[in-house]
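With these hints in hand, go ahead and build the complete structure from the sequences.
Those protein sequence lines, which keep their order, are chains A and B.
If you read the first sequence in this note's numbering, its first letter stands for residue 2, the second for the next number, and so on.
If you read the second sequence in this note's numbering, its first letter stands for residue 45, the second for the next number, and so on.
Calculated from the structure, these hints are not laboratory results.
Careful: at least some of the hints might be erroneous.
Straight-line C-alpha distance at most 20 Å; calculated EDC-like pairs for lysine to aspartate or glutamate [claimed, not checked]:
no. : chain 1 : residue 1 : chain 2 : residue 2
1   : B       : K47       : A       : E80
2   : A       : K58       : A       : E80
3   : A       : K12       : B       : D73
FRET-style restraints, in silico, Cβ to Cβ [as the list claims (entries may be wrong)]:
no. : chain 1 : residue 1 : chain 2 : residue 2 : range
4   : A       : H42       : B       : F98       : 29 to 37 Å
5   : B       : P84       : A       : V66       : 26 to 34 Å
6   : B       : K114      : A       : G41       : 39 to 47 Å
7   : B       : T53       : A       : T112      : 21 to 29 Å
8   : B       : T116      : A       : H42       : 22 to 30 Å
Covered by chain A, according to a simulated footprint, are these stretches of chain B (three or more residues, beta-carbon under 8 Å) [what the hints assert, rightly or not]:
no. : segment
9   : 56-70
10  : 97-109
No residue lacks a Cβ here, since even glycine has one placed at the ideal position from N, Cα and C.
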Amino acid sequence: DAGITQSPRYKITETGRQVTLMCHQTWSHSYMFWYRQDLGHGLRLIYYSAAADITDKGEVPDGYVVSRSKTENFPLTLESATRSQTSVYFCASSGTAFSYEQYFGPGTRLTVT
Amino acid sequence: AQKVTQAQTEISVVEKEDVTLDCVYETRDTTYYLFWYKQPPSGELVFLIRRNSFDEQNEISGRYSWNFQKSTSSFNFTITASQVVDSAVYFCALSLPQGSARQLTFGSGTQLTVLP
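Here it is, written out as structure tokens:
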């Protein structure tokens, strides 16, 4: 399907486990982003990537790891999940040099018990 | 650092009323981009509009209109003749075209409820 997809849509995991959230886009957009959305904090940027093999930290990167070996994929890994990482995670992508709007995936609701 | 303020946390209107959602931004840069996103109860984030800092023309799209005023650093969003389907959280956001960033700074959102 065209667009930006995230998997899984829902995930429950235990404290200390490693979990990877997947993001895939079919537009060949250069830029990709990971946000988390929490009540009282709005949307906060975790990591972003300007191109394959180029990633950088956002506002709240601690406890997360990203990679981008292919333009279309941008997985987010929680190395050792904590309860404070319970959140809704959104992946987004942005395309051409003059197109700054970001298009968001459907989100992944992650619960860490 | 840039900042986006949406002072209205919640707004409730009756269907067919007009409603304006306020957005005030702060940035020292002269070139920037402003956005509005809609998040309906289903949870996805839907892009509505982008406005460049060098283009102060207001825009109308159907029942939606946007008023961009650099003098007051505001980018307000008006829904005319609101409908129940407009019920959602609306986010205003700002982006600076510097380096490889392109990060969006979001406001805290305004929950709009349109009552039948």
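Exercise. When you check the alpha-carbon spacing of A/K12 and B/D73, does it fall within 20 Å?
Worked result: Distance ~40 Å between A/K12 and B/D73 Cα, so the pair is violated.
Problem set entry | Verdict for B/K114, A/G41 (Cβ pair) under range 39 to 47 Å | 30 Å, violated
Problem set entry | B/K47 paired with A/E80 [C-alpha distance capped at 20 Å] | 31 Å, violated
Exercise. Are 3 or more residues of the segment 97-109 of chain B near chain A, judged by a Cβ distance of less than 8 Å?
Worked result: Contact hint for the segment 97-109 of chain B vs chain A: violated, 0 residues under 8 Å.
Exercise. Lying within 21 to 29 Å: is that true of the beta-carbon distance B/T53 to A/T112?
Worked result: 26 Å, holds
Exercise. Taken at face value, is the distance from the CA of A/E80 to the CA of A/K58 at most 20 Å?
Worked result: 16 Å, holds
Problem set entry | A/H42 paired with B/F98, Cβ distance criterion 29 to 37 Å | The hint (29 to 37 Å, Cβ to Cβ) holds, given that A/H42 and B/F98 are roughly 32 Å apart.
For this session: Please count how many residues of the segment 56-70 of chain B have a CB within 8 Å of a CB from chain A and say whether that reaches 3.
Result: violated (count 0)
Exercise. Is the gap between the beta carbons of B/P84 and A/V66 within 26 to 34 Å?
Worked result: 31 Å, holds
Problem set entry | Hint check for A/H42 and B/T116 - Cβ pair distance inside 22 to 30 Å | 27 Å, holds
Hint compliance for this structure: hints 1, 3, 6, 9 and 10 are not met, and every other hint is.
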